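These protein sequence lines are chains A and B, in that order. Anchor point for the first sequence: position 160 equals 160 in UniProt numbering, and the numbering is continuous, going up by one each time. Anchor point for the second sequence: position 81 equals 81 in UniProt numbering, and the numbering is continuous, going up by one each time.
Keep in mind the hints are simulated off the structure, nothing from the lab. Be aware that one or more of the hints could be misleading.
As the list claims (entries may be wrong) - Distance condition first, Cα-Cα at most 16 Å in a straight line; then the derived EDC-like pairs of lysine to aspartate or glutamate:
{"no.": "1", "chain 1": "B", "residue 1": "K8", "chain 2": "B", "residue 2": "E569"}
{"no.": "2", "chain 1": "B", "residue 1": "K297", "chain 2": "A", "residue 2": "E97"}
{"no.": "3", "chain 1": "B", "residue 1": "K333", "chain 2": "A", "residue 2": "D34"}
Since we're looking at a predicted model, the values are computed, not measured.
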Amino acid sequence: LHAAVAGLPVACSRVLPGLVLRRDFAAYCPASGDLRVVLVTEPLRPALADPGTEFVVDSEGQYQASLHWISRRTEAFMKHLQSNDVKLLLSSVKQEEVVIYYAKLYGVSVVECLSSEEIALIREITGVSPYMPFGNNISGEITETAAATFCQPLLLGSKRCVHIGFTSVCAFQPHCLILCGPVDGVNEQHAVALQGAFTMLQQLFKRVDQREECKAEGESQTEASDVCSWHSSSTQKQVITENMSCNSNQVSERQWKKSRDETETQIVDSDLQGRENPACVQTDLQILSNPISHIKEFNVATEGDGSSGDIQKPHATGKRTGDVHENYKSDSFADNQRNYSTAVSAVDGANAVTECERLDVGKDLEKTSCNIVPFKHEESCVSTAQNYSNSLIEAGSVLPVGGYFEILLHYYIQCYAKQLQQSEVTVISNVVADALLSIPKSLYRTTERNSFTKFYLKAINALRKNQPLPLNEKGLESVYCKYQLVVSVLHCVTELLSIDLVIGVKRPLQKIEDNDSEGDF
Amino acid sequence: MSRLEAKKPPLFSSEPLTKDTVIQSLSLLSRVLKSCYGPAGRLKQLHNGVGGYVCTTSQSSAILSRLSVSHPVLSVLMASVQNHVSRFSDCGLFTAILCCSLIENFKSLNIASCTVIKISKHLLSLCMDYLKSEACGCRVSVDFSSVETLLCLVRSVLRSKPACMLNKTEVDHLAMLILKAFIFAVPCHVETNAVLGKCVIVPVKGRRVVDSTVLPGLLIETPEIQLAKPLTVKRTCSNMIKIALFCVSMSGDTFSPEEGTITVHHGISLEMSELNQLLNVGKQLVNDGVGLVVCQKVIHPSLKQYLKENNVIAVDRAGLSLVEPLSRMTGSKPIASIRLLSASSYGSLKDVCIESFASKHFVHLIPDNTVVCSLILCNRNETAWDELKCACETAEHVLQLTIKEPLALLGGGCTETHLASYIRHKTCSLSTSSFKDIDCSQTQYQLVADGFCCSLESVACSLNHDDGEILTDMVYGHCWFVPPGFPSVSNWSDLVSKCGCGINNNTENLNWRLLQGQFGSPITQGCPKEPSVKVADFLTLDCFAAKCSGLQVALETANLILDLSYVIEDQN
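Pulled out of the complex, with its shape left as it was, chain B reads as follows (with noise of 0.2 Å):
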C-alpha cells in the first residue's frame, strides 16, 4: 500500500537576483569555472567522499553534468551551457563565463531590466552583424586546400583542454591523426547528398600518447584469436572478401514467440532443431564463398567450429555499435534472420588482419574504401584517457562544423577584445533614432554597452591565471599578456610579443591599454582594423559556429535569468 502524503505549498521567491544566496552561488560558480579556461586552466577533481571514479578535469561539459546546484536560477544557467555543448562539443566553458559574467555586469547597473534586455539584444545583432560580414577583422577564412589553419583549429581545442596532459609533440602528434581521420572520413566523390565517414575511438590505456594511431577500417577487439596463426581467409574471385554481417543471435536459442503458447510432443528438440538450422546456414554460407561471418550477438561453438574447419573466419559479439559502421564500410546489409539468406546482403572487404596493442587482440577489417576508420587512442591513466576522448570528439565536432561554414575565429581571447572594441566604436557612433527605437536613453544604452564590452573582455581575461596584466591594443584590438612580475607602469612594448592568438607582433607602436580595472571610465576607440597580414600559421583559433551560437546562447540566458522576478518551486 502507498501511503499518501500531504502536498506540500510550493514555495515562492521573489526577485531572485537580489538574493544573497544566489550572488554567492553565481559568484562562486563564475569562479570556477573561470578558473578552467583555457590552456593554463587549473583542474578541477571530481570524487565522491566515499570513494570510487575520480574525475580530473577542466572541461565544462564535465563538471557541469556532474554538479548539483540548489538554485533553479543556476540550473537554467547550466541547462542552457549544456544543451550548448551537446550541440557543438565547444565553447561550453566561454558560453557559461560569459553568461556569469553578463549577469553580474547587468545587474550592477541600476537599470530596469527590461531596457536592459532591449539594448544588450541590440549590442547582440551589432556582433552578430558584424562577425557575419566580410569586413570582420576577427575572423580567417578557412582554406581546406592547406592542412595548416585545420591543425590550427585542432591544436587549440586539445591545447584547451589541460587536464589531459599533453605536449606539444603529443599535440602536435594528435592533431595530425585526428586531421587525418577527419580527412578520411570525407568521401571521395561527392554525390547531392553527401555524408561524412565515421571515426570509431579505440581505447588503449596505459600506453604514450604517440602510441595512438589511425587505421582506415574496423577493430574488433577478439580475446581468443591466437597471434602465431597466420590467417587463412577465402577470397573471391577479384581478390576481396566476402563479408556476412549478422545482427540477430546465432546462439540456436529457441524462438520465443511474444503471445501464444507452444506445445512441444515428446521426443522433439527444438533446440537441436535451431543447431541443425545453424548449421544450414553455415553450409549455405560456406556454399556462397564468404570468408568473413561477423555477428553481433553470439555465435554457437559448433557453428564456429564447422566456420573455421571451413576457413572462414567467424567474429562474434561485435556488438551494436559496430554494426552501422561496418554495414557502411562492407556494403553488407545487416542480416537478421538465419533461415533465408539473400546474397545481396553480402559485403566486401580488402584484407583481414591481426593486429595488437598493449594486451588486446584485435581483428581488423580493412575496407576498400575509408569511409570508416578507426582511432587508437591511448593515454597514460584513465581519467586522462576519458578527458583525451572528449578532447578528440570535440576536435572531430569542431571540424565537422568548420566544413559547413569555413570560417574560424581568432583565439586567445583576441575575439573578445576585437569585439568589444568594435562594439565601443560602434556605439559612440549610433545615431539618435536607434536609442528612440529601442526606447532607452544614450547613457542608458552607454552603461549597458559597456557592460557587454567588459564581460566579453572578462572571459579574454580569464585566460590569465596569474598574475600577469592584460592588455588590448588600441589598433587592432588584439589581446596581449603581460608576464607575470613586472610593474603595472613598465613600457608595454618591451613585455609583450605575440598577441592572444598569435597573428599580430610587436613590431608597431599600438597604444596599448590595461583591460582590467577600467569598468566605467570612456574609451574613446577607434573602428579596430584587420590584421595586414593573416599567416595561417600557428594560431590559436576558435571554432566560428560553435562561439557565435555560444555567444547568442549566453546573452540569451542572461536575458532570460534577468527577467525572472519570481521562482516559484514545486516540492512534492
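Isolated chain A, as found in the complex (with noise of 0.2 Å):
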C-alpha cells in the first residue's frame, strides 16, 4: 500500500500506520478516540422511483409527501447512525447532498467513491460486509460496524487524503508507505522497487527441500573432503565478517521469524532514507538485507558439523547437438543428490554418487542424449538445524552481491568439469561456466578497465587457496531467488536452443477459443 507524493525529496518518504485513502472527507466531522464504521454501497437516499419502474403523481399533496419522506428516511438513517455510534461512513457510490448534510448534522464523517478493490481490503481488515440500511431493521442495532483507533484527515502535498488506522482482525496490519520524489516517474519507479523487494524478501524465506538423505559413498570421499575444505575456508571468512561472534552458534528459526517483521519495516524506513539511485532495485535490496544480515548472515555451524552433508551440488542443464530432447544428470559430490525437472522446483529422489538418471521432459520428442548438469554450491546456508540439513538451500540464505555467487558457481561448475570423463558435458559445463561469468563481467564495466580481471583473479586465487574471498560491496542477496533466475535462464536457453523455424504471422494471435466462439457470421 503506498501513496505517492511529487515534489518532496526523497528523504520525505516514511511509513504510516493504518491505511491512506486519496481523496478527502465528504463530510468530516472530528472525532477522537475509538470510533465505529459502517460501510455502504449504495445510495442512502431512496430515489423516488427506482430503476426501470413508475411513480405515479395523483397530486401536488402526494407528491411533497413523497419527497418529505424521502428526506425524513435519510435523516432517520443517520440518526440512527448516531445513536449506533458510528462517526464513519464509508460509501462505494457517490451520495446525494442531502445524505451529506444529515450526515454533519448527526456528527458522523463520510467519505464517498471508495473503489471496490478499497471496499475489499477494509471489508479484508476488519472483517466487515456492507451494511444493507433498506428494509425494515432501520431500528435495530447495527451489528456490521468495524472499529477504528483514529480517523483524521491528512495532508499529502497539497491534496487532504482520509487516514484511517481500522483495528484489525486479521494478522494484517495495514501500514501505508508515503512515497516522495520530485516526478511522479520516479515515485513510480519507487513503487515498484519496493514490491520487487518484498517479492524479493518472501521468496527469502523458501527453502529447496530434499526429500532423502544418503550416506555418502567412498567414491565421493575425496570430493567430500574437497568440500569440506572449502566449507571450513568458508567458515573462516565468516567468523571474520562477523563482527557479532556471539552469532557463530544457531539462532533458533523462531527467533529469526520473530524479529523478521520488525526487520522489514525497519527496512523500508532505512531504504527510504535518502537512499540511492531511486530507480534501482538493486541498491533498495541491499538495504533491505543489511539487518538481516546481523541475524542470519553466515549462521554458521562448527567446523565439525560442516560435513559433507551441507555443501550441495545441485546441476545445471546443457546441452548437446540436435536437443530436442533433455536429459538431466544427477550428480553429488556429497550424500545427496538431486534431479532438476525443467519446472524447476520439483525435487526427486537421490540416487548413488556415480549413478546417472535420466529423465524424460519432452514427451514425445525425439530421443537424443543430453546431458544436463546443474550444479550448485551453497555457501551460506551451512546448517542451522543441529543436525545435517535437510534442505539444499535454507530458509533465508544470502550471498554477498558484486558477481560472488557466479563466481562460485563459475569455479564449481569447472572443478566439477575437470573430473567428468564425459567430454560433452565437460563442454557444456565450460560454457555454462564462462557464461556465468557475464554477470560480474558487465558489473565491473562501468569502472576503470581491467577491475574484472583484478576482481576474478583475486576471488579465484582464494578459493584455490581455502582462502576467505575478498569482501568489499556492503549488500546481500538472496540466494534462493539467484537459484531460481538461474534454472529459468537455463530453461529459457534450452527452449530457445530447440527452436528451428520462426513462422511471422499479420494478424495478431488469437487464443483457439475466441476463434470457435466467433463463429462465420
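Hints given; two lone chains; assemble the complex.
Listed below in C-alpha cells is the structure:
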C-alpha cells in the first residue's frame, strides 16, 4: 500500500500506520478516540422511482409527501447511525448532498467513491460486510460495524486525504508507505522497486528441500573432503566477517521469524531515508538485506559440523547437438543428490553418486541424449539446524552481492567439469561456467578497466587457496532468488535452442477458443 | 468508424546529455530562468501569435506551466520544479537554476556519473546537516512575538517579483496587509488540532495598489443591491444576526431523479408544488428569526421578494468557493434540503453591511471571530494583478510554512555563497575513510565538490543582471554586489556597503574575492562565521522549508538526469 507525493525530496518518504484513502472527506466531523465505521455500497437516499419502475403523481400533496418521506428517511438513517455510535461512513458510491448534510448534522464523517479494491481491502482487514440500510431494520442495532482507532485528514502534498487506523481482525496490520520524489515517474519506479523488494523478501524465506538423505559413498569421499575444506574456509571467512561473534551458534528459526517483522519495517524505513539511486532495485535490496544480515548472515555451525551433508552440488543444464530431448544428470559430491525437472521446483529422490538418471522432459520428442549438469554451491546456508540440514537451500540464505554467486558457481562447475570423463558434459559445463561470468563482467564494466580481471583472479585465487573471499560490497542477495533465476535462464536457453523455425504471422494471434466462438458470421 | 493507424516504433536515443540539441536547449532554458531571477530580474512576455491573453511575468510557475519543451530530459526538469512549486510556492527559480547549473557543471567533469552521484549525495547530506544544525551561520530563527522578521520574509517575496510593478511604499503597504491577514487567520484559542483560517483574495483591477485593504469576514459580490438604502436586518436577542446557508438550488426547479420515470397526471404542476414548498421554507426561516439567507446557487425571485418583505436579506449565487469559509466563519452548516430545516444548521454573524470598491458592490459579512478575512487586492492592470495575486499567495504560503518551522534563511545570494564556503571548508578536512566509503578518489571528490559549490555560487550570481562584479568575503561567506562600471582591480572595500541579505556592513576587512571565473582554482577557505549581530530589520530572508526542499529536489533531479543513458519515446 502506498501513496505517492510528487515535489518533495525523497528523504521525506515515511511509513504511516493505517490506511490512506486518496480522497477528501465529503463530510468531516472530528472525533477523537475509538470510533465505529459502517460500510455502504448503495445510495442512502431512496430514489423517488427505482430504475425500471414508474412513479405516478396523483396530486401535489402526494408528491410533496413522498419527497418529505425521503428526507425523513435519510435523516432517520443518520440518526440511527448516531445512536449506534457510528462516526464514519464509507461509501462506494457518491451520495446525495442531502445525505452529506444530515451526516454533518448528526456528527458522522463520510468518505465517498471508494473503489471496489479499497472496499475489498477494508472488508478483509475488518471482517465486516457492507450494511444494507433498506428493509425494515432501521431501528435495530447495526451489527456490521468495524472499529477504528483514529480517522483524520492527512495532508499529502497539497491534497487532503483520509487516514484511518482500522482495528484489524486478522494478522495483517495495514501500513501505508508515503513515497516522495521530485516527479511522479520516480515515485512509480520506487513503488515498483519496493514491490520487487517485498517479493524478494518473501522468496528469501523459501527453501529448496530434498526429500532423502543418503550416505556418503566412498568414491565421493575425496570430493567431500574437498568440499569440506572449502566449507571450513568459508566458515573462517564468516567468522572473520561476522562482527557479532555471538551469532556463530545457531539462531533458532523462531527467533529469527519474530525479528523478521520488525526488521522489515526497519528496512523499508532505512531504505527510504535518502538512499541511493531511486530507480535501482539493487540498491533497495542492498539495504533491505543489511539488517537481516545481523540476524542470520552466515549462521554457521562449527567446523566439525560442516561435514559433507551441507554442501550441495545441484545441476545445471547443458546441451548437445540436436538437443530436442533433455536428459538430466544428477550428481552429487556429498551424499545427497537431486534431479531437476524443467519446472525447477520439483525435487526428486536421491541416487548413488555416480549414477546417472535420465528424465524425460519433452515426452514426444525425439530422443537424443543430452546431459544436463546443474550445479550449485551453497555457501551461507550451512546448517542452521543441529543435524545435517534437510534442505538444499536454507530459508533465508544470502550471499554478498558483486558477482560472488556467479564466481562461485563458475568455479564449481569448472571443478566439476574437470573430473568428469564425458567430454560433452565437460564442454557444456564450461560453456555454462563461462556464461555465468558475463554477469560480474558487466558489473565491473562501468568502473575502471581491468577491474573485472583483478576481481576474478582475486576471487579464484582465494578459492583455490581456501582463503576467505575478498569482500568489499555491503549488500547481500537471496540465494533462493538467484537459484530460481539461474534455473529459469537455463530453461529458457534450452527452449530457445530447441526452436528451429520462426514463422511470422500478419494478424495478432488469437486464442483457439476465441476462434471457435466467433463463428462464421 | 475509427481508422486504425499502424503503430510507430518507439524513438530510441542513447546518452541524451551528449546531444547538441539537448545541451543547447538546456542552456537556453537555464539562461531564460537566470535572467528572471531576483528583484532585478528581467520580465518575460508570454503570448500567442494569434492574439489573446498576454502574460508578463518573471515567476517560475507562470513560465514553466506555459513553456512547451521538446525533449524529455527538459520535461523531467520542468515537471520536477513545478511539483516543487506546487508544494512550497516559493524558490521555484532557485531550484530550476541550481538544477541546470548542476547538470552543466557535473557533465563537464568527465567523471563516471555514478561516482558523481554518490559524491554529490554526500555533499547534499553535508549541506542538509549543516542547515539543520544550530551552528548554521546562514539561518535566523523567526521570532513570532515581533512582526519584523515576518515582514522581512513577506517583503522579500514581494520584491523578488518585479512583474508586480510595486514601488517601495507599495511593497511595505502590501507586506503589512498580508501579515495582518495572516495573523487574522491564526486562531486565538489553540486546541490540539489548530487549523489556520483562510484569506480570500477579492480582485479589484484598475485601482492603485495602496487602495488594497484587509477586512475581517467575507465579501460577496451583489450587483443588484442598491447602495442608497440602508440595510435593515433582523437581529436576535443577543444582537447577532442569524444566518442560513443553503448549498442546494432554491430556484424551484423540479426535482429530477436520476433513475426511474415519474408520471404526472393532468392538471398537476410540480413546479407550483415546489414553489409552494420554497415559500414554506421561507416562512420557516422568517419564523426562526433568520436575518440573512445565503444561497450557493440561485434563489427563486418570489422567495427573494418574500424574504425582502420580511426584512430578511437574501444573497444568492455565492459560489462554491465561498461556502466552506462562510460555514467556518459563521458556524452554520450548509443546508442541502429545502424540506426539513433543523435549527442547529443556522449560524450567526456580528454585522452585515454594504461595501463598494471601484464599481463593484459587495455585501460584507462581519463575523464574531477573524478566522476568515478578505484581502481586497488592487493593481493597475490585469496581468500585473495576476502576478501580484500569485505573489500574495506565495507570501501567505511562506508564512504558513514558517509557522511550522520558525526559521528563515538569509536571502540575496548570501545563503548560497555561505553554503559554498562551508562545503569548500568541509571538503578540505574530510578524512580518507569517507572517500573510501563513497568509493572515489580524493581528486574526484574535490572536483565534484568544486562543481557543486560553483553551481550554488552561480545561483547567487544570477541575482545580478548588470555588469557589476560579485564578491564573496572570506569571513562570513556572504555575497556582495559591486555596482557596475568599476574596473575589477578596484579596492573592493570602497565600493560595497552591505552584503546581499543586508546583515553585514562593510566595517572590517573582510578579505573579498571574486565569485565568478575561478572555476577549478583551489581556494583555501576557513569555516565561514556566523554574523556577530543579528539585527532583524530590513533583511532579505527566504523561506527555510522551501529553500531546503528546493536544494534537495534540484540535486535529486540533476542526478536523475545525469543518470539517464537512454531515452525511449513512445511516438503513438
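The hints, checked one at a time:
no.	hint	in the structure
1	K8/B to E569/B	holds, 10 Å
2	K297/B to E97/A	holds, 14 Å
3	K333/B to D34/A	violated, 25 Å
In terms of the numbered hints stated before, the structure departs from hint 3 and from no other.
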